[in-house]
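J.: Model the placement of chain W on the given structure of chain H, informed by the hints.
Number of protein chains: 2
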Amino acid sequence: MQLVFDDSYFMRKALEEAELAYEKGEIPVGVVVVANQQIIARGHNLTELLNDVTAHAEMQAITAAANFLGGKYLLDCTMYVTLEPCQMCAGALYWSQISNLVFAAEDPERGYRKMGAKLHPKTKVKSGILEGEASELLKRFFIERRNLN
Amino acid sequence: MQLVFDDSYFMRKALEEAELAYEKGEIPVGVVVVANQQIIARGHNLTELLNDVTAHAEMQAITAAANFLGGKYLLDCTMYVTLEPCQMCAGALYWSQISNLVFAAEDPERGYRKMGAKLHPKTKVKSGILEGEASELLKRFFIERRNLN
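If you read the sequences in order, they're chains H and W.
So the first sequence is numbered by UniProt numbering: it starts at 1 and just counts up by one.
So the second sequence is numbered by UniProt numbering: it starts at 1 and just counts up by one.
Keep in mind the hints are simulated off the structure, nothing from the lab.
Here a beta-carbon is modelled for each residue, glycine too, at the ideal position from N, C-alpha and C.
Among the hints, a few may not be true.
[Stated by the list, open to error] Covered stretches of chain H (in silico footprint by chain W; criterion: 3 or more residues with CB under 8 Å from a CB of chain W, positions within the stretch not fixed):
{"hint": "1", "region": "62 to 70"}
{"hint": "2", "region": "83 to 91"}
{"hint": "3", "region": "94 to 102"}
{"hint": "4", "region": "113 to 122"}
[Stated by the list, open to error] Below, computed lysine-lysine pairings styled on DSS-like, alpha-carbon distance capped at 27 Å:
{"hint": "5", "chain 1": "W", "residue 1": "K139", "chain 2": "W", "residue 2": "K126"}
{"hint": "6", "chain 1": "H", "residue 1": "K122", "chain 2": "W", "residue 2": "K118"}
{"hint": "7", "chain 1": "W", "residue 1": "K124", "chain 2": "H", "residue 2": "K114"}
{"hint": "8", "chain 1": "H", "residue 1": "K114", "chain 2": "W", "residue 2": "K126"}
{"hint": "9", "chain 1": "W", "residue 1": "K124", "chain 2": "W", "residue 2": "K114"}
{"hint": "10", "chain 1": "H", "residue 1": "K118", "chain 2": "H", "residue 2": "K13"}
{"hint": "11", "chain 1": "W", "residue 1": "K114", "chain 2": "H", "residue 2": "K114"}
{"hint": "12", "chain 1": "H", "residue 1": "K126", "chain 2": "W", "residue 2": "K118"}
{"hint": "13", "chain 1": "W", "residue 1": "K114", "chain 2": "W", "residue 2": "K139"}
{"hint": "14", "chain 1": "H", "residue 1": "K114", "chain 2": "W", "residue 2": "K118"}
{"hint": "15", "chain 1": "W", "residue 1": "K139", "chain 2": "W", "residue 2": "K13"}
{"hint": "16", "chain 1": "W", "residue 1": "K13", "chain 2": "W", "residue 2": "K118"}
{"hint": "17", "chain 1": "W", "residue 1": "K114", "chain 2": "H", "residue 2": "K126"}
{"hint": "18", "chain 1": "H", "residue 1": "K114", "chain 2": "H", "residue 2": "K139"}
{"hint": "19", "chain 1": "H", "residue 1": "K118", "chain 2": "W", "residue 2": "K126"}
{"hint": "20", "chain 1": "W", "residue 1": "K114", "chain 2": "H", "residue 2": "K118"}
{"hint": "21", "chain 1": "W", "residue 1": "K122", "chain 2": "H", "residue 2": "K118"}
{"hint": "22", "chain 1": "H", "residue 1": "K114", "chain 2": "W", "residue 2": "K122"}
{"hint": "23", "chain 1": "W", "residue 1": "K13", "chain 2": "W", "residue 2": "K24"}
{"hint": "24", "chain 1": "W", "residue 1": "K114", "chain 2": "H", "residue 2": "K122"}
{"hint": "25", "chain 1": "H", "residue 1": "K124", "chain 2": "W", "residue 2": "K114"}
{"hint": "26", "chain 1": "W", "residue 1": "K124", "chain 2": "W", "residue 2": "K13"}
{"hint": "27", "chain 1": "H", "residue 1": "K13", "chain 2": "H", "residue 2": "K122"}
{"hint": "28", "chain 1": "W", "residue 1": "K118", "chain 2": "H", "residue 2": "K139"}
{"hint": "29", "chain 1": "H", "residue 1": "K124", "chain 2": "W", "residue 2": "K118"}
{"hint": "30", "chain 1": "W", "residue 1": "K122", "chain 2": "W", "residue 2": "K13"}
{"hint": "31", "chain 1": "H", "residue 1": "K118", "chain 2": "W", "residue 2": "K139"}
{"hint": "32", "chain 1": "H", "residue 1": "K118", "chain 2": "W", "residue 2": "K124"}
{"hint": "33", "chain 1": "H", "residue 1": "K13", "chain 2": "H", "residue 2": "K139"}
{"hint": "34", "chain 1": "H", "residue 1": "K13", "chain 2": "H", "residue 2": "K126"}
{"hint": "35", "chain 1": "H", "residue 1": "K124", "chain 2": "H", "residue 2": "K13"}
{"hint": "36", "chain 1": "W", "residue 1": "K118", "chain 2": "H", "residue 2": "K118"}
[To be verified] Not close to chain W: a few residues of chain H, all C-beta gaps over 12 Å, as computed:
{"hint": "37", "residue": "R12"}
{"hint": "38", "residue": "E16"}
{"hint": "39", "residue": "E106"}
{"hint": "40", "residue": "K126"}
Pulled out of the complex, with its shape left as it was, chain H reads as follows (with noise of 0.2 Å):
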């Protein structure tokens, strides 16, 4: 057997961290950072638990990501994601320069094209990789918390 490590193998990784956040009541939303083919950086979203709108994915793993590797600018990396970065994620992502961003269901309505923010012009973007069960997850996520309420 031989494993393959391509988008949607670490984009599952990002959904199991997507994961962790529905279990916590946390908007599910997960990263992790890739570099030569390794995952040097996890998170999922913890704005409610840490009380602060700065505990997304994105953030704590930009964070992480520079923390593993000694520096600021994750040249090299990709991060995968499984919803489209908002305004405050893809301003840090354009000052970290990194290489690549994959994420999986768009954002239409607080998503960084939408809000007008900008990436680095050195990041390639690619999008819907496992956009079903990233928006799935979301989706259950809004029923259950309308339901509880």
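T.: Then chain W, alone, in the frame of chain H:
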């Protein structure tokens, strides 16, 4: 003698934070967050020291202010910052729904307005308070850095 807690007073406190960044070799940007005429959070840029693009003065102060308040929304708070926020920090301020943003110097290159990012519709913005002093400090920093290299 009566202390006057006006915009200049609080911006001067933000400038003191910027001076702390300057002394550490960081791009000199400083912040205070004010609620009920009291400073509830301070911060200065630490991106180099922490090797972390997310360690802008504003991001740290948003986290600290939410921590002080025990809630993630900065309603009835004012952020005083010596430089126009970038899109990452504007995005964080958007999520915080902060009531007021006051900045000193404009950032015509990387400021949130140039980049296209948006604050929350509830947030009122004022600019230009102690602009000269904030710009002077930034200019001094970049001239010194150039001479070092």
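J.: The structure should be examined with respect to each hint, and the outcome stated for every one.
T.: Hints and how they fare:
Residues of the region 62 to 70 of chain H lying with their CB closer than 8 Å to a CB of chain W number 5, which satisfies the three-residue condition for coverage. Coverage of a stretch by a chain is defined here by at least three residues with a beta carbon nearer than 8 Å to that chain's beta carbons; for the region 83 to 91 of chain H and chain W the count is 6, and the condition holds. Coverage of the region 94 to 102 of chain H by chain W holds in this model, with 3 residues showing a Cβ closer than 8 Å to a Cβ of that chain against a need of three. Chain W is given as covering the region 113 to 122 of chain H, and this holds because 4 residues of the stretch bring a CB closer than 8 Å to a CB of that chain, at least three being needed.
Of the pairs offered as hints, the one joining W/K139 and W/K126 holds, with about 22 Å between alpha carbons and a cut-off of 27 Å not exceeded. For a cut-off of 27 Å, the pair hint linking H/K122 to W/K118 stands: about 23 Å separates their Cα positions. As the CA atoms of W/K124 and H/K114 are separated by approximately 22 Å, the hinted pair is consistent with the 27 Å bound. A distance of roughly 25 Å separates the Cα atoms of H/K114 and W/K126; the hinted pair therefore holds under the 27 Å criterion.
Taken as a hint, the W/K124 and W/K114 pair is honoured in the structure, with Cα atoms around 18 Å apart against an allowance of 27 Å. For a cut-off of 27 Å, the pair hint linking H/K118 to H/K13 stands: about 26 Å separates their Cα positions. At roughly 16 Å between alpha-carbon atoms, W/K114 and H/K114 fall within 27 Å of each other, so this suggested pair holds. Distance hint between H/K126 and W/K118 is fulfilled; the C-alpha atoms sit about 24 Å from each other, no more than 27 Å.
For the suggested pair W/K114 and W/K139, the alpha carbons sit about 20 Å apart, so the restraint of at most 27 Å is met. For the proposed pair H/K114 and W/K118, the alpha carbon gap of about 10 Å is at most 27 Å, so the pair holds. A C-alpha spacing of about 19 Å is found between W/K139 and W/K13, which places the hinted pair at or below 27 Å, so the restraint holds. For the suggested pair W/K13 and W/K118, the alpha carbons sit about 26 Å apart, so the restraint of at most 27 Å is met.
A C-alpha spacing of about 25 Å is found between W/K114 and H/K126, which places the hinted pair at or below 27 Å, so the restraint holds. Between H/K114 and H/K139, the direct Cα distance comes to roughly 20 Å. Compliance with the 27 Å bound is thereby established for this hinted pair. For the hint pairing H/K118 with W/K126, the CA-to-CA distance comes to about 24 Å; that is within 27 Å, so the pair holds. Restraint check: the Cα-Cα separation between W/K114 and H/K118 comes to about 10 Å, which is no more than 27 Å; the hinted pair holds.
Pair hint W/K122 plus H/K118 holds up; C-alpha atoms about 23 Å apart against a cutoff of 27 Å. Taking the CA atoms of H/K114 and W/K122, the gap is about 19 Å. The hint holds against a cut of 27 Å. For the given pair, W/K13 sits about 17 Å from W/K24 by alpha-carbon distance, which is consistent with the 27 Å threshold. With a CA separation close to 19 Å, the supplied pair W/K114 and H/K122 stays within the 27 Å bound.
Between the alpha carbons of H/K124 and W/K114 the distance comes to roughly 22 Å, so the proposed pair stays at or under 27 Å and holds. A threshold of 27 Å between alpha carbons decides the hint, and for W/K124 with W/K13 the separation of about 20 Å falls inside it, so the pair holds. About 25 Å separates the Cα atoms of H/K13 and H/K122, which keeps this hinted pair within 27 Å; it holds. Straight-line distance between C-alpha atoms of W/K118 and H/K139 comes to about 26 Å, which keeps the hinted pair within the 27 Å bound.
At most 27 Å may separate the alpha-carbon atoms for a hinted pair to count; H/K124 and W/K118 meet this at roughly 23 Å. Using a Cα cut-off of 27 Å, the hinted pair W/K122 and W/K13 holds, with the two alpha carbons roughly 25 Å apart. Restraint check for H/K118 and W/K139: the C-alpha separation of about 26 Å stays at or below 27 Å, so the hint holds. Between H/K118 and W/K124, the direct Cα distance comes to roughly 23 Å. Compliance with the 27 Å bound is thereby established for this hinted pair.
Between H/K13 and H/K139, the direct Cα distance comes to roughly 19 Å. Compliance with the 27 Å bound is thereby established for this hinted pair. Of the pairs offered as hints, the one joining H/K13 and H/K126 holds, with about 17 Å between alpha carbons and a cut-off of 27 Å not exceeded. Among the hinted pairs, H/K124 with H/K13 is consistent with the structure: their alpha-carbon atoms are about 20 Å apart, no more than 27 Å. With a C-alpha separation of about 12 Å, the suggested pairing of W/K118 with H/K118 holds against the 27 Å cut-off.
For H/R12, the shortest C-beta to C-beta distance to chain W comes to about 26 Å, beyond the 12 Å cut-off, and the non-interface label holds. Once the 12 Å rule is applied to beta carbons, H/E16 is consistent with being away from chain W; the minimum gap is 23 Å. The claim that H/E106 is not at the interface with chain W holds, since no C-beta of that chain comes within 12 Å of its own (minimum 17 Å). Chain W leaves H/K126 outside its interface by the beta-carbon criterion, the shortest separation being 21 Å against a cut-off of 12 Å.
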